[in-house]
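Chains as they are written, first to last, in this note's numbering: chain A, 1 to 290; chain B, 1001 to 1161.
In case anyone wonders, no lab produced these hints; they're calculated from the structure. The structure presented is a predicted model; accordingly, all values stated were derived computationally and were not measured. Note that the Cβ used here is the ideal one computed from N, Cα and C, for glycine as well. The reader is advised that the hints may include incorrect statements.
Said to hold, decoys possible - Derived lysine-lysine pairs resembling BS3-like cross-links, with alpha carbons at most 30 angstroms apart:
| no. | chain 1 | residue 1 | chain 2 | residue 2 |
| --- | --- | --- | --- | --- |
| 1 | B | 1016 | A | 27 |
| 2 | A | 2 | B | 1016 |
| 3 | A | 27 | A | 76 |
Unchecked claim - Stretch-level coverage of chain A by chain B, calculated; a stretch enters the list once three of its residues show a Cβ under 8 angstroms from a Cβ in chain B:
| no. | stretch |
| --- | --- |
| 4 | 2-12 |
| 5 | 29-40 |
| 6 | 135-143 |
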Amino acid sequence: MKSFDYKAPETVDETVSLLAEFGSDAKLLAGGQSLLVLMRQRLLAPGVVIALSHVADLGDIELNGSSSIGSMVRYKTLSQGAIGSALPLLARSAGSVGSVHIRNLGTVGGALAHCDPSGDVPTALMVLGAQYEALSSRGAKTYDSHDFSVGLFETQLAEDELLVRVAVPPQPEGASIGYQRFSYREGEYPMAVAACRLEWDSNGRCSAATVAVGGGDAFPKRLPGVEAGLVGFDFDSGDLESLLQDVARPDLYAAADIRGGAAWKEKVVMVTLGRALREGHALGQGRVDA
Amino acid sequence: MRELDIQMSVNERPVKQRIGVNTLLRDFLREDLELTGTKGACDDGMCGSCSVHLDGEVVKSCLVLAADANGRSVRTIEGLADSDDVLHPVQQALLDEFGFQCGFCTPGMAMTMVYLLESGFQPDQESARESLVGNICRCTGYDRIADAMILAASTMGENNA
Chain A
1 MKSFDYKAPE TVDETVSLLA EFGSDAKLLA GGQSLLVLMR QRLLAPGVVI ALSHVADLGD
61 IELNGSSSIG SMVRYKTLSQ GAIGSALPLL ARSAGSVGSV HIRNLGTVGG ALAHCDPSGD
121 VPTALMVLGA QYEALSSRGA KTYDSHDFSV GLFETQLAED ELLVRVAVPP QPEGASIGYQ
181 RFSYREGEYP MAVAACRLEW DSNGRCSAAT VAVGGGDAFP KRLPGVEAGL VGFDFDSGDL
241 ESLLQDVARP DLYAAADIRG GAAWKEKVVM VTLGRALREG HALGQGRVDA
Chain B
1001 MRELDIQMSV NERPVKQRIG VNTLLRDFLR EDLELTGTKG ACDDGMCGSC SVHLDGEVVK
1061 SCLVLAADAN GRSVRTIEGL ADSDDVLHPV QQALLDEFGF QCGFCTPGMA MTMVYLLESG
1121 FQPDQESARE SLVGNICRCT GYDRIADAMI LAASTMGENN A
């Protein structure tokens, strides 16, 4: 790994000043589970590494109607206890990342800023309608999860901005969630990841849907066509496969990579999406009129 | 800064050292402290042979800067056994079940198992294998390794009873 200058700020203000000073030459080190690999492969060679491990207040969690999760909260914490009952989709996604080692260090802010094409937690947070709050010496800015990612490993975050917290709005009463990922081996970045939140009317039909997938395209995406197409859909009598052929395909783009050709990857995404939706339906059963 | 004076507790012994800030925790343990039980292999966080405990939690020491471990406590494979004569139940179980061949992955496997079993995990063959997904063995078929984890869970349960 190339040499760099190491900064270990202890406050958010100090961190933001360092970012203002070193900006494009600096990288923020959160859990380091992706960054240190990229640096060792020399895909990245920042002149300055700003470690966040000693910064106070980035690990706070508040859970009430709206939830607030500090950017340095780790997958381990996200996948357990209080978050598990308040935001089960977030807990499922965080518990699916990597191995126990990665979950002990990897953070929600790190995952969002890294922006892997099939990031588990970023995909789940899109479905939950999360907002991301960033700070810089220029002031505070809030980003919407649905358009936070703009390219391969690329987000709207400016070079001088620090992601400080994730805000998750209250979730609709009675909604059910589905979460599925496809990988050859546990612990890998999945080839496809799909998350959904489904609401139900009194007849057991879907009344509203929020759906996101990752893995096919350069970054996780909401699927507005699927969300609209599912409204009024009856999972018991309807044909989900042909609905998805009609409404998902236009929103999907799958690029060929080392793991497979474009057509095959699109199929993997479609199958994973179908599984997540069926799971959301299964978990929603019994909640109708509850 | 390019160099940093760090201090940490390693296997319950205080350690002070000046390091280059780009030193990985793994290399600090192996090269500065000569604790070579912690192995390095893949260099990209996949293989788990460098697993150690950082503040009681298992991590891959090739994915941690030594500078970031400043002020924290580290436990390595050298810190598991009570003495040269009495192995940790996980080490003893790996020996009893022949849960290794070349042994290169074994320290990392052991550190992951100890963390999981000390957290109260009760493995069976399938869940043991799943829980060890971050530790790769290129010799065996994992059956014996999982057997060792199951045996260790029962020994540790008896010791606590």
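For the pair supplied as a hint, residue 2 (chain A) and residue 1016 (chain B), confirm whether the alpha-carbon distance does not exceed 30 angstroms.
24 angstroms, holds
Can you confirm whether chain B covers the stretch 135-143 of chain A, using C-beta to C-beta distances below 8 angstroms and requiring at least three such residues?
Violated, because only 0 residues of the stretch 135-143 of chain A bring their Cβ atoms closer than 8 angstroms to Cβ atoms of chain B.
Pair hint outcome, residue 27 (chain A) versus residue 76 (chain A) [Cα-Cα no greater than 30 angstroms]
23 angstroms, holds
Three residues or more, CB to CB closer than 8 angstroms: is that satisfied between the stretch 29-40 of chain A and chain B?
Answer holds; 6 residues pass the 8 angstroms Cβ test.
Between the stretch 2-12 of chain A and chain B, see if three or more residues pass the 8 angstroms beta-carbon test, and mark the coverage as holds or violated.
holds (count 7)
Would the pair residue 1016 (chain B) and residue 27 (chain A) pass a check requiring their Cα atoms to be no farther apart than 30 angstroms?
27 angstroms, holds
Checked against the numbered hints given earlier, this structure breaks only hint 6.
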